[in-house]
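Colleague: Sequence:
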Amino acid sequence: MTGSQKLRAIDPQAAMRQAFVAAMKAERAEVMRLLAAGVPEWEIAERMRCNPLRMDYALFAGLRCGATGKRSGKPCSLTAIYANGRCKLHGGLSTGPTSTEGKARAALNGRAPKRAKNAGNGC
1 MTGSQKLRAI DPQAAMRQAF VAAMKAERAE VMRLLAAGVP EWEIAERMRC
51 NPLRMDYALF AGLRCGATGK RSGKPCSLTA IYANGRCKLH GGLSTGPTST
101 EGKARAALNG RAPKRAKNAG NGC
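Mapping the sequence shown onto the numbering used here, position 113 (from 1) lands on 113, and the numbers just tick up by one.
Rather than coming from a laboratory, the hints here were simulated on the basis of the structure.
Because the structure is a prediction, the values reported are computed rather than measured.
Mixed in with the good hints there might be a few duds.
[What the hints assert, rightly or not] Only pairs whose alpha carbons sit at most 20 Å apart, straight line, appear in this in silico PhoX-like list of lysine-lysine:
{"id": "1", "residue 1": "74", "residue 2": "88"}
{"id": "2", "residue 1": "88", "residue 2": "70"}
{"id": "3", "residue 1": "25", "residue 2": "88"}
Make a model of the complete structure from these sequences and hints.
Modeller: Quick look at the structure:
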């Protein structure tokens with residue numbers, strides 16, 4: 001038994017989380033296809049309302065993050081998850097800039113001298 005099979009046996013929502021991630025990717029791909037075709041954003045919202053590729057969020061109402069905690073070993077119970085199926089504490093947020101402009105901005109951050117805490121009021 002491999003490591004991923006062991007985790008699937010412990011996590012009963014793994015299949016639902018995989019379906020959630022696949023549905024989010026399909027919906028995002030459809031929106032990107034419509035944008036590439038030159039459809040205005042307001043019309044995309046109208047089209048996605050009736051689109052069969054639109055995800056039914058009610059199917060995933062009870063879905064939890066499920067990431068295993070380091071100390072406790074228990075699965076995370078947060079229900080506010082991102083498109084990747086994890087919460088903000090376990091991989092839902094950005095890990096940093098990916099574009100060259102963003103990386104250049106990040107490299108320059110902290111190089112300028114700090115402003116005075118109470119600039120302007122003389123304290």
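Colleague: Compare the structure with each hint and give your call.
Modeller: Taking the hints in turn, this is what the structure says about them:
Between residue 74 and residue 88, the direct Cα distance comes to roughly 17 Å. Compliance with the 20 Å bound is thereby established for this hinted pair. Taking the CA atoms of residue 88 and residue 70, the gap is near 16 Å; set against the 20 Å cutoff, the hint holds. Restraint check for residue 25 and residue 88: satisfied, since their Cα atoms lie roughly 18 Å apart, inside the 20 Å limit.
Going down the numbered hints, you'll see the structure goes against none, and every one checks out.
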